[in-house]
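Q: These are the residues of each chain, in order.
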Amino acid sequence: MTVISATDLVKRYGEVAAVDGVSFEVAPGESFGLLGPNGAGKSTTMRMVGAVSTRTAGELTVLGLDPDEFGPEIRARLGVVPQQDNLDNELRVRENLLTYGRYFGLPRRLIAERADELLEFAQLADRGDAKVDELSGGMKRRLTIARALINEPRILLLDEPTTGLDPQARHILWDRLFRLKEQGTTLLLTTHYMDEAEQLCDRLVVVDHGRIMAEGSPAALIRQYSTREVLEVRFGSERNAAAAAALADVGDRLEVLPDRVLVYADDGEAALVEVTARGLQPLTSLVRRSSLEDVFLRLTGRSLIE
Amino acid sequence: MSAVTEQRAMRRGGVRALYAGNARAVVGRGLVATRSSNWVVIASGFFEPVFYLLSLGVGLGAFIGTVTDAAGREIPYAAFIAPALLAVSAMNGAIYDSTWNVFFKMNFGKLYEGMLATSLGPLDIALGEILLALFRGAVYGIGFQIVMQLMGLNLSWWALLAVPAVMLIAFGFAAIGMGVTSYFTTFQQMEWIMFVLTPMFMLSATFFPITVYPEPVQWLVMALPLWHGVELVRGLTTGVVGPELLVHVLYYGVMIAAGLAFTTRRLRALFLD
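Going down the list, the sequences are from chains H and Y.
In terms of the numbering used here, the first sequence has 162 at position 162, counting the first letter as 1, and numbering is strictly consecutive.
In terms of the numbering used here, the second sequence has 542 at position 236, counting the first letter as 1, and numbering is strictly consecutive.
Hints were generated in silico from the structure; no laboratory data involved.
In this text the structure is predicted, and so the values were computed from the model without any measurement.
By construction, the Cβ of each residue, glycine as well, lies at the ideal position given by its N, Cα and C atoms.
Certain hints may be false.
[Claimed, not checked] FRET-style restraints, in silico, Cβ to Cβ:
hint	chain 1	residue 1	chain 2	residue 2	range
1	H	116	Y	346	33 to 43 Å
2	H	211	Y	341	44 to 54 Å
3	Y	500	H	217	36 to 46 Å
4	H	223	Y	406	55 to 65 Å
5	H	217	Y	495	30 to 40 Å
6	Y	494	H	65	42 to 52 Å
Work out the full structure: start from the sequences and follow the hints.
A: Below you can see the structure in the form of structure tokens.
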């Protein structure tokens, strides 16, 4: 039993295919991620799942229904956190929740109860009467998430939930989302932050140019497409390419970036010993665990954040 | 197979996806939001026609004296222009809410995007916003009607029906105004609304009968919505009531239906692609 099922999903705007044959399935209670750079087609996919955009081709069911036919029924059971906050600035914080609940046709008393619980959950209980404009970026984001939960959705759609937030605000948000996940809410989220995907996603697809490049759990993807460790060495931007030529057979694989050389090896320290043994003196060196960023680089030859 | 296809087609084109029967949630939101409104702007929309009535009706009217109405009676100039200004005040209220307010919500507030992520459909939003605009138009109209009563410019008991007539006028302008605004993305484009409204205000038999125009121009003016509004309200407040008033009502009925359909289509095209 899946809650979202997409098969060869396509969305074309004129000649341009924003989504070009995407297939994936999301199980109930699962936290599923779409990872990719800006313009990869993540948001367009989210809009189709959210029943606010019709597909050009392919099959899509959300909670067993076709979003092109049953838009209102599906939207009634979804929570949507858009990429840019669209809170109602003319209303106060608590009023935002109350009014949004009314859009779903829910009774006032029920909404009032839930609004208080959700303000608590969003750590905004003491800001209920504040104006939206007075909130910080992180608070606005948490209010947007609280608002998306007012109808007790079966699925929560999060489009770039922490983009533009400072590190502390991101960690608070992740903690909140992790709690939702523990309570069994199905999460579908897009992100171009690999640390976010690693923190929140049980499973994810890597998307680029509207297509799926790979699918799996973060750990499995790293195992499959990267080595256990990565050695990052910098020789100065002039000398990186020359140094890389001398290192061609060190480790499993090399990536030469404009500012550094990445050496993929299961043992990073041993690779570093080998580098110095060849008479090369890097300006800086760093051994770290492989991340989804490395998976993306391997799959597309490009960085996630450009 | 064909039955399934038919059913699909029906659902896609059907009203189900457009309307959740919950326009009251949109109206409710508007009433809560009104508290943070710019009250100076709201008040100025009401006082503008009042000032016209005082300066032109009372001031200039002292020089003009009386005007011959449709029934051939001599009536004071103020009583001639007051119903026209009443129709204008309804139009102003409706236009302000359905153009500038909608413009901001659409382009800056992203309000409708948020609403359409819920069970609401485009028709709920269009109807809700238009009802709010109608409400403001009605408040202006009733306020102006009271001013007219105090100045003794309601010449007949039919004037009581001017209140529903004013709501009809506000509904019509709000429905068209919101649809037109959906095409505008810059402030410069919004100026075009005034470019259309100002001449219509001046020329729709507001301050003088259209018989002063050559016949082709008369036909042109008679095609404009405000002329129908002015004639409808004038007929009622001066007590010259005949079947031609029903034509004006019908004109607004068509305008409301067309405006609602048009606005709903635009909202769907903009936010549910």
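Q: Verify the CB-CB distance for residue 223/H and residue 406/Y against the hinted window 55 to 65 Å.
A: Distance hint for residue 223/H, residue 406/Y holds at roughly 58 Å.
Q: If I claimed the Cβ atoms of residue 494/Y and residue 65/H lie 42 to 52 Å apart, would that claim hold in this structure?
A: Check passed, 43 Å falls within 42 to 52 Å.
Q: So does residue 116/H sit 33 to 43 Å from residue 346/Y, Cβ to Cβ?
A: holds (36 Å)
Q: Just to be sure I understand the hint, the distance between the Cβ atoms of residue 217/H and residue 495/Y should be within 30 to 40 Å; is that true here?
A: violated (50 Å)
Q: Using the Cβ atoms, figure out if residue 500/Y sits within 36 to 46 Å of residue 217/H.
A: With a Cβ separation near 59 Å, residue 500/Y and residue 217/H fall outside 36 to 46 Å, so the hint is violated.
Q: In this structure, is the beta-carbon distance linking residue 211/H and residue 341/Y contained in 44 to 54 Å?
A: holds (49 Å)
The earlier numbered hints that this structure contradicts are 3, 5.
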